[in-house]
Amino acid sequence: MIQNVFYFLCFLTLISGSMVVFSRNPVYSVLFLILTFFSISGHYILLNAQFLAAVNIIVYAGAIMVLFLFVIMFLNLNKENETHKSNLSKFAAVIAGGILLVIMVAALKDVDAGTYKAEGFDSQIGMVQNLGMVLFKNYLLPFELASVLFLVAMAGAVMLGKKETGERHF
Amino acid sequence: MTSIILLSVFGIINLFLGFLKSNKILLPAVIIFLAIVFGVNFLDWNNPQSHFNNMLTIDNFAVAFSAVMVLSLALILPFSRSYINSGNPHLAEFYSILMFSLVGAIMMVSYENIIMLFLGIEILSIAMYVMAGSHKKELRSNEAALKYLLMGSFATGILLFGFALIYGASGSFNIAEIASFSSNTTATDLLPMMEIGVLLVLVGICFKIGAAPFHFWTPDVYEGTPTLFTTYMSTVVKTAGIAAFYKLVWAVFPGLNEFWYPTLVAITVLTLVIGNIGAAIQTSFKRMMAYSSIAHAGYLLIALTSFNDYSENAVLFYALSYTVATVAAFGVLKLVSDQREGETYEMFNGLGRTNPLLAFAMTVAMCSLASIPLTGGFFAKFFIFGSAIEAGAVWLVVVAILMSAVSIYYYFRVVMAMYMKEPVGEKVAVDGFAAFMLIFLSIFTFIMGIFPGWFNNWL
Chain A
2 MIQNVFYFLC
12 FLTLISGSMV
22 VFSRNPVYSV
32 LFLILTFFSI
42 SGHYILLNAQ
52 FLAAVNIIVY
62 AGAIMVLFLF
72 VIMFLNLNKE
82 NETHKSNLSK
92 FAAVIAGGIL
102 LVIMVAALKD
112 VDAGTYKAEG
122 FDSQIGMVQN
132 LGMVLFKNYL
142 LPFELASVLF
152 LVAMAGAVML
162 GKKETGERHF
Chain B
127 MTSIILLSVF
137 GIINLFLGFL
147 KSNKILLPAV
157 IIFLAIVFGV
167 NFLDWNNPQS
177 HFNNMLTIDN
187 FAVAFSAVMV
197 LSLALILPFS
207 RSYINSGNPH
217 LAEFYSILMF
227 SLVGAIMMVS
237 YENIIMLFLG
247 IEILSIAMYV
257 MAGSHKKELR
267 SNEAALKYLL
277 MGSFATGILL
287 FGFALIYGAS
297 GSFNIAEIAS
307 FSSNTTATDL
317 LPMMEIGVLL
327 VLVGICFKIG
337 AAPFHFWTPD
347 VYEGTPTLFT
357 TYMSTVVKTA
367 GIAAFYKLVW
377 AVFPGLNEFW
387 YPTLVAITVL
397 TLVIGNIGAA
407 IQTSFKRMMA
417 YSSIAHAGYL
427 LIALTSFNDY
437 SENAVLFYAL
447 SYTVATVAAF
457 GVLKLVSDQR
467 EGETYEMFNG
477 LGRTNPLLAF
487 AMTVAMCSLA
497 SIPLTGGFFA
507 KFFIFGSAIE
517 AGAVWLVVVA
527 ILMSAVSIYY
537 YFRVVMAMYM
547 KEPVGEKVAV
557 DGFAAFMLIF
567 LSIFTFIMGI
577 FPGWFNNWL
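Protein chains in written order, with the numbering used here: chain A, 2 to 171; chain B, 127 to 585.
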């Protein structure tokens, strides 16, 4: 049963992931990306990471994707007017990406990642409480220093977005 | 650790200082803040300790490289006079973002956990994306910011994928545990996963330091970014990236060195050749400096391929001498290009007659970058090549020396333009602080060239 769910989720993730790349209309791409995030959240639940699954849906499928949609609609990119790329660059991209794929497959097919052992399994491991313990004990410093990252991004966004004297009014 | 806290706090204080009516106080305040951080940083000298569950280790390596980076920011900022005079409304934000980005840079040289490295790289990169686009009304600056952001995010994605695979293989983010996993030859089941991770991390970091063949963003971004921040990119970002890379290959992946060594050597040779040949065919001085920074990344990578008693000190000495010379060169470029509109070699014509001081400082900087004896750059390359020969990579040194010979051609083009061509414009006005800094940088270059021992056995 669980295995069938896993294969179904994999199928859904791969199909919607490739549709993000292949669909010509950017709005469809974003919608398929939302589907991808939902199916990845399904994987998280299978891995017993409930909190991560919820956060993934709230933050990515909720907030970030809405932002993507807004930007695409504001910029009016939903016309099918992709810039034409030369065949040479398409060819080079296919070869480069293909080589990476071959190397990944060749290396990872030999990997023996071990199997699932029921006796050593802690069902509480993905709960918010345990996550909080790890985050605020072991990983306190990166957690706090992430605020510097946000401060830089915020100060930068305000600086770049603020209207200066003599600038054009839209 | 204290320096990270102090820099964050001072950055916030500096944001608030921006509310004052006059922006004259900002530059002295930042210089004082940086001086305090520079001093406090040395309290941890010879007193290695790790903080917060082994997230961060402040050892002599971290202290020395932090000192170089704080010093370079303090050397760069005096050239921001034109921003103060033009009443730029975002001056406080500029200074604060640069100080916050130093937090990221210090994290990159003192990490004990891969998460800290990643966070440090991101803090530094995001600050740089903003600074690249800080000249909002100029199209080149917008282009630089967009290019840097898009390519940088892509490289970050590759880097993160690499870290994820390494975590998946070794089961830990702690660098000591990753190192013990990678040197443990019995656990071969997960080794291919680890190796792919190492390769992807190599790609990501090489992008960040601008090593070939991941250098394509460098010329465009360096050219479009306002000169002050280009200086910061080619000194602090490069120093932090190389130090992080050094620690990564020798403290995190030492067990796999037979695996990544050929890749790294190939990248080094490519970087040396592409950087130097690329610089030789440029017509814009700023683009030439961009390619020259690629070339110098190549020399620094030589030290990375050789791990012995000399290589750590060689990297530190090289970073310091390269920083001093680059700040002087970009400082003169900024002063001249603010008044003569343009960044080509022709702009420097006759500078030796109109502004002897600027021409002298530029000549010293170029000599140092081309590693002429009596300047810091000579001993920088001497130590790097010495450590490479000690490690047995003689052919690598031969390639590097050939490429240094090429570099003399393009560095001396600007010297010839300054002293042997007719002046193209008026005397360039130089404020007192910038003139003092240029004299200081020239003297510092000579001191490094005449008494290299003072700077060479810290670590």
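Honestly, the hints are just simulated from the structure, not real lab data. There may be inaccurate statements among the hints.
Here chain A is said to cover these stretches of chain B; the calculated rule only asks that three of the stretch's residues, wherever they fall, bring their Cβ under 8 Å from a Cβ of chain A [to be verified]:
#1 155-161
#2 169-181
#3 194-203
#4 300-310
#5 553-562
List time: in silico DSSO-like cross-link candidates among lysine-lysine, alpha-carbon distance up to 30 Å [as the list claims (entries may be wrong)]:
#6 B:K147 to B:K273
#7 A:K163 to B:K553
#8 A:K91 to B:K273
#9 A:K163 to B:K262
Predicted, not measured: the structure shown is a model, and the values here were computed from it. All C-beta atoms in this analysis are idealised placements derived from N, C-alpha and C, irrespective of residue type, glycine included.
Evaluated hints:
no.: 1; hint: 155-161; verdict: violated (count 0)
no.: 2; hint: 169-181; verdict: holds (count 4)
no.: 3; hint: 194-203; verdict: violated (count 0)
no.: 4; hint: 300-310; verdict: violated (count 0)
no.: 5; hint: 553-562; verdict: violated (count 0)
no.: 6; hint: B:K147 to B:K273; verdict: violated (35 Å)
no.: 7; hint: A:K163 to B:K553; verdict: violated (36 Å)
no.: 8; hint: A:K91 to B:K273; verdict: holds (20 Å)
no.: 9; hint: A:K163 to B:K262; verdict: holds (10 Å)
Hint violations for this structure: numbers 1, 3, 4, 5, 6 and 7, all remaining hints satisfied.
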